[in-house]
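Novice: Fit chain B to the known structure of chain A by using the hints.
Number of protein chains: 2
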Amino acid sequence: MSIFTPEVSIIIKEARPEDAVKLIEYTKIVGAQTDNLSFGKEGAGDTPEVEEFIKRIGSDSKSVMYFAWKNDDIVGCANISSMKRRMSHRANFAISVAKSEWGSGIGSALLEKCISFAKDNEIEIINLDTRSDNFRAISLYKKFGFVKIGRMPAFSKINGEYIDADLMYLDLREKSNNRRKIEAFERLEAIRRENKKEIDFNKEREEAMNKKHKIQP
Amino acid sequence: MSIFTPEVSIIIKEARPEDAVKLIEYTKIVGAQTDNLSFGKEGAGDTPEVEEFIKRIGSDSKSVMYFAWKNDDIVGCANISSMKRRMSHRANFAISVAKSEWGSGIGSALLEKCISFAKDNEIEIINLDTRSDNFRAISLYKKFGFVKIGRMPAFSKINGEYIDADLMYLDLREKSNNRRKIEAFERLEAIRRENKKEIDFNKEREEAMNKKHKIQP
Chain A
1 MSIFTPEVSI IIKEARPEDA VKLIEYTKIV GAQTDNLSFG KEGAGDTPEV EEFIKRIGSD
61 SKSVMYFAWK NDDIVGCANI SSMKRRMSHR ANFAISVAKS EWGSGIGSAL LEKCISFAKD
121 NEIEIINLDT RSDNFRAISL YKKFGFVKIG RMPAFSKING EYIDADLMYL DLREKSNNRR
181 KIEAFERLEA IRRENKKEID FNKEREEAMN KKHKIQP
Chain B
1 MSIFTPEVSI IIKEARPEDA VKLIEYTKIV GAQTDNLSFG KEGAGDTPEV EEFIKRIGSD
61 SKSVMYFAWK NDDIVGCANI SSMKRRMSHR ANFAISVAKS EWGSGIGSAL LEKCISFAKD
121 NEIEIINLDT RSDNFRAISL YKKFGFVKIG RMPAFSKING EYIDADLMYL DLREKSNNRR
181 KIEAFERLEA IRRENKKEID FNKEREEAMN KKHKIQP
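Protein chains in written order, with our numbering: chain A, 1 to 217; chain B, 1 to 217.
Check before you lean on any hint, since a few could be wrong.
As the list claims (entries may be wrong) - With a Cα cut of at most 27 angstroms, we get these calculated BS3-like pairs of lysine-lysine: (1) A/119 to B/157; (2) A/211 to B/143; (3) B/203 to A/99.
What the hints assert, rightly or not - To spell it out: a stretch of chain A is covered by chain B in this simulated footprint if at least three of its residues, at any positions, have a beta carbon under 8 angstroms from a beta carbon of chain B; those stretches are: (4) 149-156; (5) 200-214.
Calculated from the structure, these hints are not laboratory results. A quick note: this is a predicted structure, and the numbers were derived from the prediction, not measured. Glycine included, each C-beta is placed from N, C-alpha and C at the ideal position.
So here's chain A without its partners, still in its complex pose:
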C-alpha cells in the first residue's frame, strides 16, 4: 500500500525482525515528540528485545505489526495483538505516527490495514486505550467506528503526573441492522436484570446481616 504525494511516497509494510534497529530509532523520535505513548525518549527497548517482539507478533496468526516507511525511515507504526483463550476473539490495537507526518493520512492508512487484517483473521473486537486528552487520536478512532467504554483514572504516570486514558472498542461482528437493535435491546434488558439482581443480592445480604445481629427491619 502506498500513499503518493508529489515528492515522496509512503509505503506500508509488515514488520520484519531485521527492522528492529530502525524501529528503535523511530520509537526514540516519537517517544521524545509527545507524551501520548507508553514510552518516552528512551524508546521501546533494546535490539534483542524488539527483535523478539517482532518475531513473536510474526509467528502469531492473529497478530500483526505494520510500519509506514518514508524512504529508509519508519514514520509510523501500528499493531494488532491477539489475546488468549476465552478472549481470543479480541485483540489490542496500538499506533504511533511521527509528528512530522501528522495530518498526512498515515494514521488512517495504518488503522485501515489493521482493521482489514483483523477482519480477515476472525478477530471480532478490537480494543485500544488512548490519553483522554488526545482528541486527534480519539477523533480518528471514532471515524473508524470505535466506541468509548470508560475513562481509566491514572492510566499512566509521566514525570510524576497521572494521565487518564479512554478505553475504546470496535465491534467487527457482522450483523444486520435488526440484529444490532435486538442486541442493543438485550443488553439494556441484561443491565436492568443485573441491577435488579444486584438490588436483590444486597437486600438478601442486608437481611442476613440483620438476622445475624438480631436487628428487626
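Specialist: Just chain B, lined up with the frame of chain A:
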C-alpha cells in the same frame, strides 16, 4: 496467615514453582465449576508453562501470587501482576476460589493480602475485570473500595456466547479527604475542558472541511 474453623484451617502462602502441579489440578476444578474465569475445565496450562508463570511472578518485585491451602489442596488463588514503564504504578489483580469454599472469607483474605502487598510495593492503582453479572465478586471488590470504570462488551466468549465484563480500579494513593475532593473537582473540570476542546476541535475540523468544499456556513 490462617483462618481457623473448628475442623480445618486455611493457610495462605506465596506461590512456589513446585506448586505448579497442584495449581493446575485446582484450575481444572474451578474452571469446571463456573464460567467466571478466563479458562474452563481444561485448566490454566501445562506444568512447564505454569512453573514458568510462577517463577516470573516470583522474580518480579512488584508482582505476587498467593494460594489458600486446605490440607494439601489449593482452594483459592489470587495474584497481583505489575505493569511496565509508564504504567508501572499500576498492577492487575485476579482471583478465584473453589466453589466449596464460597462465603468462607477466603476471597476477602486473599484480596486483603494482595492489597497489602501492593501498598508495600509502591503500587498506586490496582485494576481488575470481572463478569458484569458476577455480583458476588463485584460486591467483594466494592467492599474493598474498588470503583467501576466501565462495562466492556464481549469481553470473553464462552461456547459461542459473548460475556460483558466490568472494569474496576482501586486507588491506593494516600490522600486526605480534602485532597480527594480537590482531585474529584479537578477531574470534573478536566472533563468539562475536554468536552469543550473536543467541541472546538470538531468545529475547527468542520470549518476546514467546509472551506475545502467551499461551503459557506
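Novice: Taking a Cβ-Cβ distance under 8 angstroms as contact, does the segment 200-214 of chain A have three or more residues in contact with chain B?
Specialist: holds (count 3)
Novice: Are the Cα atoms of residue 203 of chain B and residue 99 of chain A separated by 27 angstroms or less?
Specialist: holds, 22 angstroms
Novice: Would you mind confirming whether the straight-line C-alpha gap from residue 119 of chain A to residue 157 of chain B stays at or under 27 angstroms?
Specialist: holds, 17 angstroms
Novice: Is the hinted pair residue 211 of chain A and residue 143 of chain B satisfied, with a Cα-Cα distance of at most 27 angstroms?
Specialist: holds, 20 angstroms
Novice: Taking a Cβ-Cβ distance under 8 angstroms as contact, does the segment 149-156 of chain A have three or more residues in contact with chain B?
Specialist: holds (count 8)
When held up to the earlier numbered hints, the structure conflicts with none and fits them all.
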